[in-house]
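Protein chains: 2
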Amino acid sequence: MGIAHSRRKSKGSAAERDLIHKFWANGWAAVRVAGSGSTHFPSPDILVGNNLKKLALEVKATKDAKKYFPKEEIKNLKFFAEKFGAEPWVVIKFDRDDYYFISIEDLEETPASFIASLELARRKGLLFEDLL
Amino acid sequence: MGIAHSRRKSKGSAAERDLIHKFWANGWAAVRVAGSGSTHFPSPDILVGNNLKKLALEVKATKDAKKYFPKEEIKNLKFFAEKFGAEPWVVIKFDRDDYYFISIEDLEETPASFIASLELARRKGLLFEDLL
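Quick note, the sequences are listed as chains A and B, same order.
Count the first sequence with our numbering and you get residues 29 to 160, in order.
Count the second sequence with our numbering and you get residues 29 to 160, in order.
Do not rely on the hints blindly, as some may be mistaken.
Which copy? The list can't say, so a pair holds if one copy fits it or any two copies do.
What the hints assert, rightly or not - Derived pair list, reagent style EDC-like, types lysine to aspartate or glutamate, alpha-carbon separation capped at 20 Å:
(1) Lys-103 x Asp-46
(2) Lys-94 x Glu-136
(3) Lys-106 x Asp-92
(4) Lys-50 x Glu-110
(5) Lys-88 x Asp-125
Derived by calculation from the structure, the hints in this document are not laboratory data.
Chain A on its own, in the form it takes in the complex:
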């Protein structure tokens, strides 16, 4: 694992921990899902719930203005959410900006990937406060 990759990873984990704190502080329960090392089944990064709703979240942090998702990752998130009975969301923390919750329906699709730009996030994403 290169240093750049390792730093990216740890930024993602920091965003996950931060989100989990935010959800608990607002009366939800939230957990990090154990890495795919343990099973070969699709799984989100975070599962969140209260008595009304469950959310399956794929969480990314990026210093770029665009975040690319392999198609497989979004398909797995959607598949998992349907099976579990949860809403699938992508959550992106852009550098020096907020967390944006983006519906997977709203991601831009290309032949190779799904893309969320900061511009799209600001236009279509929800902030944490909007979600509650």
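Starting from the known structure of chain A, fit chain B onto it as the hints suggest.
Relative to the frame of chain A, chain B by itself:
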């Protein structure tokens, strides 16, 4: 970590993986929750869901005829399940026997712990097939 402890741990993990497979094979989605190292919030070992139900599971394997739970563990499971909107269950795999799903209401309570004996599991527990 002593060898005995390490072996007990790995038996518990094997039971978790096995259960996750069973749930997926029966149309549910199931995930292992990341260890408590990452956050200080209460969390179950496994979260399971389908479109009707969510289950928060504490999973143990034992070669003894009785399994003791620290009170804190069961209280945390109950607290988590209420917040998340899931049913709390204890699942015990006794050596050379089946998985028993035991409602936390049915655990025997002493001043120091909650206890599930094999006898209690057989009398009050559900088998995987009963749960579906």
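Numbers of the earlier hints that this structure fails to satisfy, in rising order: Numbers 1 and 3 - these are the hints that the structure violates, sorted from lowest upward.
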